[in-house]
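Colleague: Listed below, chain by chain, are the residues.
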Amino acid sequence: MARSNNASTAGIVLVIVYGTLVLLPFAWIVSIAFKTQISILMGQVIFTPVWTNFEELLFGKSSKFLPSLKNSIVVSVISTGFVLAISSMAVFTLFRLRVGRWVQFFLFTWAMIFHILPPITFIGIWFVQLLSMGLFDTLAGLILAETVLHLPLALWLMYSFIHEIPEELLESGRLDGCRDADLFRQIVLPLMRPAMIAAGVLVFIFIWNDFIVAANLTSSNTQTVPVTISSYAQEYDIRFGEMAAGSVLSIIPALIFVLVGQKYIIRGLLSGSLK
Amino acid sequence: MRNFLKSTAAAVLLLGMPTAAFAEADIQLIINQSPWFPGFEATVEAYEEATGNTINIEAVPFPVLLEKSRNSVRAEEGVYDLLTINALGIIEMYAGGFLEAVSDIDPDYKLRGDISDFGGSVYWDEETRSIGSGKLMALPMAGVIQLLYYRADLYEEAGLEVPTTWDELMANAKTLHNPPERVGFTVRGSRQNIGWNAMPYIYSHGGKIFADEAAGDYTVTFNSPEALSAFETFLSFANDVGPDDPGTTGQAEMIQFMATGRSAHTIMVNAAWAGLEDPAKSIVAGKVGVAEIPSVEGGDHYSSTGHFIGGIPKNIPDEKKQAALAFMKWLNTPDGQRAMVENGSVPVSTGLSASDFDDAEKYRFLDATSQNARNALFYAAVPERNEINSIIDLHLNLAVVGEMTAAEALNKAAEEIHAVMVREGYNTGALPPLQ
Amino acid sequence: MIGDRSWKIVSLGPLATLLVVFTMLPVLQILWMVFHELEWSDGQAVTTFGGLGNIRKFIADLFYWPGLWNTIYFAFFAVVIQFIIGLSLALAVAGMKGWVRVVAIFVMLLPVVTPPIVIGAVWNLLYNADFGAINLFLSSVGLPKQNWISSPDTALWAVIIVDVWHWTPFVFLLLLTGREGLPEEVYEAAELDTQNRWQILRHITLPLMMPVIIATLILRMILSFKVFDEIYLLTSGGPGTATEVVSLSIQRAYFGQDDVGLGSVMSLFTLSVVAGLALATLWFQRYMIGRSGT
Numbered sequence: 006m007a008r009s010n011n012a013s014t015a016g017i018v019l020v021i022v023y024g025t026l027v028l029l030p031f032a033w034i035v036s037i038a039f040k041t042q043i044s045i046l047m048g049q050v051i052f053t054p055v056w057t058n059f060e061e062l063l064f065g066k067s068s069k070f071l072p073s074l075k076n077s078i079v080v081s082v083i084s085t086g087f088v089l090a091i092s093s094m095a096v097f098t099l100f101r102l103r104v105g106r107w108v109q110f111f112l113f114t115w116a117m118i119f120h121i122l123p124p125i126t127f128i129g130i131w132f133v134q135l136l137s138m139g140l141f142d143t144l145a146g147l148i149l150a151e152t153v154l155h156l157p158l159a160l161w162l163m164y165s166f167i168h169e170i171p172e173e174l175l176e177s178g179r180l181d182g183c184r185d186a187d188l189f190r191q192i193v194l195p196l197m198r199p200a201m202i203a204a205g206v207l208v209f210i211f212i213w214n215d216f217i218v219a220a221n222l223t224s225s226n227t228q229t230v231p232v233t234i235s236s237y238a239q240e241y242d243i244r245f246g247e248m249a250a251g252s253v254l255s256i257i258p259a260l261i262f263v264l265v266g267q268k269y270i271i272r273g274l275l276s277g278s279l280k
Numbered sequence: 015m016r017n018f019l020k021s022t023a024a025a026v027l028l029l030g031m032p033t034a035a036f037a038e039a040d041i042q043l044i045i046n047q048s049p050w051f052p053g054f055e056a057t058v059e060a061y062e063e064a065t066g067n068t069i070n071i072e073a074v075p076f077p078v079l080l081e082k083s084r085n086s087v088r089a090e091e092g093v094y095d096l097l098t099i100n101a102l103g104i105i106e107m108y109a110g111g112f113l114e115a116v117s118d119i120d121p122d123y124k125l126r127g128d129i130s131d132f133g134g135s136v137y138w139d140e141e142t143r144s145i146g147s148g149k150l151m152a153l154p155m156a157g158v159i160q161l162l163y164y165r166a167d168l169y170e171e172a173g174l175e176v177p178t179t180w181d182e183l184m185a186n187a188k189t190l191h192n193p194p195e196r197v198g199f200t201v202r203g204s205r206q207n208i209g210w211n212a213m214p215y216i217y218s219h220g221g222k223i224f225a226d227e228a229a230g231d232y233t234v235t236f237n238s239p240e241a242l243s244a245f246e247t248f249l250s251f252a253n254d255v256g257p258d259d260p261g262t263t264g265q266a267e268m269i270q271f272m273a274t275g276r277s278a279h280t281i282m283v284n285a286a287w288a289g290l291e292d293p294a295k296s297i298v299a300g301k302v303g304v305a306e307i308p309s310v311e312g313g314d315h316y317s318s319t320g321h322f323i324g325g326i327p328k329n330i331p332d333e334k335k336q337a338a339l340a341f342m343k344w345l346n347t348p349d350g351q352r353a354m355v356e357n358g359s360v361p362v363s364t365g366l367s368a369s370d371f372d373d374a375e376k377y378r379f380l381d382a383t384s385q386n387a388r389n390a391l392f393y394a395a396v397p398e399r400n401e402i403n404s405i406i407d408l409h410l411n412l413a414v415v416g417e418m419t420a421a422e423a424l425n426k427a428a429e430e431i432h433a434v435m436v437r438e439g440y441n442t443g444a445l446p447p448l449q
Numbered sequence: 006m007i008g009d010r011s012w013k014i015v016s017l018g019p020l021a022t023l024l025v026v027f028t029m030l031p032v033l034q035i036l037w038m039v040f041h042e043l044e045w046s047d048g049q050a051v052t053t054f055g056g057l058g059n060i061r062k063f064i065a066d067l068f069y070w071p072g073l074w075n076t077i078y079f080a081f082f083a084v085v086i087q088f089i090i091g092l093s094l095a096l097a098v099a100g101m102k103g104w105v106r107v108v109a110i111f112v113m114l115l116p117v118v119t120p121p122i123v124i125g126a127v128w129n130l131l132y133n134a135d136f137g138a139i140n141l142f143l144s145s146v147g148l149p150k151q152n153w154i155s156s157p158d159t160a161l162w163a164v165i166i167v168d169v170w171h172w173t174p175f176v177f178l179l180l181l182t183g184r185e186g187l188p189e190e191v192y193e194a195a196e197l198d199t200q201n202r203w204q205i206l207r208h209i210t211l212p213l214m215m216p217v218i219i220a221t222l223i224l225r226m227i228l229s230f231k232v233f234d235e236i237y238l239l240t241s242g243g244p245g246t247a248t249e250v251v252s253l254s255i256q257r258a259y260f261g262q263d264d265v266g267l268g269s270v271m272s273l274f275t276l277s278v279v280a281g282l283a284l285a286t287l288w289f290q291r292y293m294i295g296r297s298g299t
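Just so you know, the sequences run in chain order A, B and C. Numbered as in the numbering used here, the first sequence ends at 280 without a single skipped number. Numbered as in the numbering used here, the second sequence ends at 449 without a single skipped number. Numbered as in the numbering used here, the third sequence ends at 299 without a single skipped number.
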């Protein structure tokens, strides 16, 4: 662990200055959540806080916020789990074991090519596919789609970390009679944990915020938070108050997941620092 | 008519619905979230209560409405039985043959006399591939259309008359122009749909995009001298009596200017009316008036429409088509229209007046809505409509931000539209460039 | 106990299955559609060979080309600034412990967990010339108002600022992980050599972090070519084409014009530009390593 250099004064100043720059617009978003629409439109700095935006969001007659929050949590957690499990195994086999070049090309390069394409190019086809599988408008269908969509991101992040594992460690494992599966479980997995957690945090955030795929593959019972929030950005009436309140409420669970992840990064680093 | 409307809604429902005894199939309706949606939803509930039929509503964010509708009509069997389609998708849905025409489900049904045909856009002629004649394709659902908004309180103070010509409007706007406190007028100058906002100016001056769409003459006339003088009028509203940054003033900003009392006039959708009347969203509630969009002296008036129709897909079972049409027919009846108004949604009838209602003050937007619906303009009714609109929007916006002159913008837009029409094999031509 | 052969199937099978099922068809369709026209008639798709029609349309497109230059400009400056700030923050936070560290990370991550559509809507409010908080602040300290997003000269930079605000945490988080993964021994050795902080950064930290840095930069570049949600409500590409980006053009081709052929050519071309830039970055990294090795 590189902890011997304690935080420098310059570093602390930088974090405080940048932190303030981050917080100002964010504080504006939070303040909007407590304003009436007219107060937002007038750009008022001094205002009387109201709870109406939260009330509309949580208890409004046709509000889908709470069910969509539940959908978001289910989809994001399960998809992130799938993405991490699949990509960590794959990246180890692809880059640390003997596989054909064409296997590497197809599974890795192809995944990256797919990642560069904008989702608009394939949601029409995915709709037809999921419909024919009976998975359109189901959480299972959305989980599948989000998993495929974010696998390349995780593969790429882990690819940049998998090479840091010293070959000697794998060699000595093999001499101890480990087979590939054991190498992965006993040596690679512990060492990859920080990378997996960083990738997990980012993949989670991306899935949590995905709008375009979620909006096209779900309907009101299966919609996620970004879809609910964007339904307040209407053509003739951008309801900033509800949008901001929705963001504030959706950031809380997201941050809980992310910060728990961060905690594991530290722990993962500690356990992985044996190398 | 008036007495009919005044009779109680429940009695009318029973009398007006002889088929109520036969329950229709349940249907799935896809619609976008919007300020007029809650009122529409309440109207659907009234229909369900009166008939015992069931309509499941799938309300989605506007940006995905068209794509989800497309996906559904292109599938083996449709997911939705009634589609809410606006100007972005109407021609595409007609031309692609995705909709079952009302005339084919119920050959005897005619569009009711008081219901607007929204510039002919409910009809589609498969032979000439143009609107205005042919089959009745779908019934109008929500009459979103543009109105002239003015500050009635300031008018009274200054002793102004509601304008009927652009010159009168300009004179009034100049009288009330008092920046930075308040601007005289707000145009929609942003690249998103500036063309839609500018078309009433252009058509009322005698300008057009194509020479004669109905007759199949797609000669591009967008850079005619009439269009130029119209667009210069538009630009003078933007630059002489408008906000400092007209180039990014979109619909949200226009509403913002009106709601905060910072603009004396604007031309925007009737769907924004309810928000301006809501004290939680506006400081000018009760102070705004609406009127017919002006024209030139003695000229025709136009209001470009942003209406929604209720389209019935081909790829659903017959009983669902029947059920969807039954609802749309009811919606077009006087009691359906009355329910829309009373629930706070936007009607599609041209025959409504505030005086038909007990609380005439509350419904004072109705007369102007009816009037502008009679002036409804649906232009560039070809499948390439969205491409043409983005060409127009870009160039008009460039003129608003000062990167092009008015003549350059119209010339360049006409040239690009012409290229599209040539590419797609239309009977087209071009005017000599404006100097 | 899983045999080595079965392990390969277990470890690669799920990835291969998902890629085959969900990505082959879309990519094949894009390739096919480049040379075909898709028309809908009587509710049925009619595909005809279109020759170079889509490519001609693409070359003549009004929005794509200004959008491509904007996107490259936007991606370059946004990613460079995010990298500089993100790296500085990562190095600063890497030395922190306890609750200070948790608070710092918490604050840094706020923008990235905010829904992008809300970011676009709220920054649009903030930038508003007449009602926005930024101009309100400027005029309260006696500075003139600015037309941030309505002037073609400043609009793209206004968008870059939002992107930097939004995505710097992403760079920060990856670089922090990369920095904390470095073995401690090299630093102990460096301190014995009595190198100063700058020398340690220049000769030890940065070279060791290079794989993570390059991976992060390439990823950010790919993602900035896909920027959509935040720009959609912020500027929608205007004024003129000042903030048009390729993803808006692709969106317009698919959703607006329902032109799958044109959208496919745009996607494929954008893909090759991004892939080219990514390969150039990788090549640059190899070149630098090769040079420093001799």
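Note that these hints are calculated values from the structure, not bench results. Hints are not guaranteed to be accurate.
To be verified - Result set (DSS-like, lysine-lysine): computed pairs, CA atoms no more than 30 angstroms apart in a straight line:
#1 A/Lys-69 to B/Lys-334
#2 A/Lys-66 to B/Lys-376
#3 C/Lys-231 to A/Lys-75
#4 B/Lys-124 to B/Lys-343
#5 B/Lys-149 to A/Lys-66
#6 C/Lys-102 to A/Lys-69
#7 B/Lys-124 to A/Lys-66
#8 C/Lys-150 to B/Lys-188
#9 B/Lys-149 to B/Lys-124
#10 B/Lys-188 to B/Lys-376
#11 B/Lys-334 to B/Lys-149
Colleague: If a hint holds in the structure, say so; if it does not, say that too.
Modeller: Tested hints:
1. Under the criterion of a C-alpha separation no larger than 30 angstroms, the hint pairing A/Lys-69 with B/Lys-334 is consistent with the structure, at around 27 angstroms.
2. This hinted pair checks out: A/Lys-66 and B/Lys-376 have alpha carbons roughly 24 angstroms apart, not beyond 30 angstroms.
3. Using a Cα cut-off of 30 angstroms, the hinted pair C/Lys-231 and A/Lys-75 holds, with the two alpha carbons roughly 28 angstroms apart.
4. For the suggested pair B/Lys-124 and B/Lys-343, the alpha carbons sit about 10 angstroms apart, so the restraint of at most 30 angstroms is met.
5. Note on B/Lys-149 and A/Lys-66: the hinted pairing is violated, with a Cα-Cα distance of about 39 angstroms set against a maximum of 30 angstroms.
6. The hinted pair formed by C/Lys-102 and A/Lys-69 fails the criterion: a straight-line CA distance of about 41 angstroms is larger than 30 angstroms.
7. For the given pair, B/Lys-124 sits about 37 angstroms from A/Lys-66 by alpha-carbon distance, which is inconsistent with the 30 angstroms threshold.
8. A hinted pair counts as satisfied when its Cα atoms are at most 30 angstroms apart, and C/Lys-150 with B/Lys-188 qualifies at roughly 24 angstroms.
9. Note on B/Lys-149 and B/Lys-124: the hinted pairing holds, with a Cα-Cα distance of about 10 angstroms set against a maximum of 30 angstroms.
10. Using a Cα cut-off of 30 angstroms, the hinted pair B/Lys-188 and B/Lys-376 holds, with the two alpha carbons roughly 29 angstroms apart.
11. A C-alpha spacing of about 20 angstroms is found between B/Lys-334 and B/Lys-149, which places the hinted pair at or below 30 angstroms, so the restraint holds.
Hints 5, 6 and 7 from the list above are not met by this structure, while the remaining hints are.
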